[in-house]
Amino acid sequence: MFTKQEQRSWLKIEVARGRSARNCYQGLREACGDAALPYRTVARWVKLFREERNAIQDSSRSGRSHVDSHTIQLLASLLDVDRRWAARELAAEVGVCHKTVLHILHDILDLFDRYQREGYDYLGRFVTLDETWARSYEPHLKRQ
1 MFTKQEQRSW LKIEVARGRS ARNCYQGLRE ACGDAALPYR TVARWVKLFR
51 EERNAIQDSS RSGRSHVDSH TIQLLASLLD VDRRWAAREL AAEVGVCHKT
101 VLHILHDILD LFDRYQREGY DYLGRFVTLD ETWARSYEPH LKRQ
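Mapped onto the UniProt record's numbering, the consecutive letters of the sequence shown carry residue numbers 1 to 144.
Be aware that a few hints might be false.
In silico PhoX-like links for lysine-lysine, alpha-carbon gap of 25 angstroms or less [claimed, not checked]:
# : residue 1 : residue 2
1 : K4        : K47
2 : K99       : K12
3 : K47       : K12
The set of hints was computed from the structure by calculation and includes no laboratory data.
Sequences and hints are given; from them, build the entire structure.
Written as structure tokens, this is what we have:
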């Protein structure tokens, strides 16, 4: 019903009004039902907002990124050599998961955005046809 960010925004407003964590949780339960944040989460966010936190998004976490520059370069070089890779084949070749490959292709290498900007000129670099003539047959009657 309400996203986490929407619930956190509401919590931020309620904390500014001076409500307690328990009252905030009860208000969320009335509005969201079972989709409300758990009480411990509400209490943690109420505490953070009382400590003058302004952002409702999660803080960035440290740790190893699932995408490194070597993986991006490897995928780009594989695609430069042969564009007929499937995403699952690329994932197996590079050694990352399928979703990571899709993330790199879509968000980092911007292949989809480049297609939208350049249109058929961009697509023509990858889609090729042999020089076979094909005729279109569209019968006018069902018996043809």
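Self-check item: Unmet hints by their number, sorted upward, for this structure
Solution: 2
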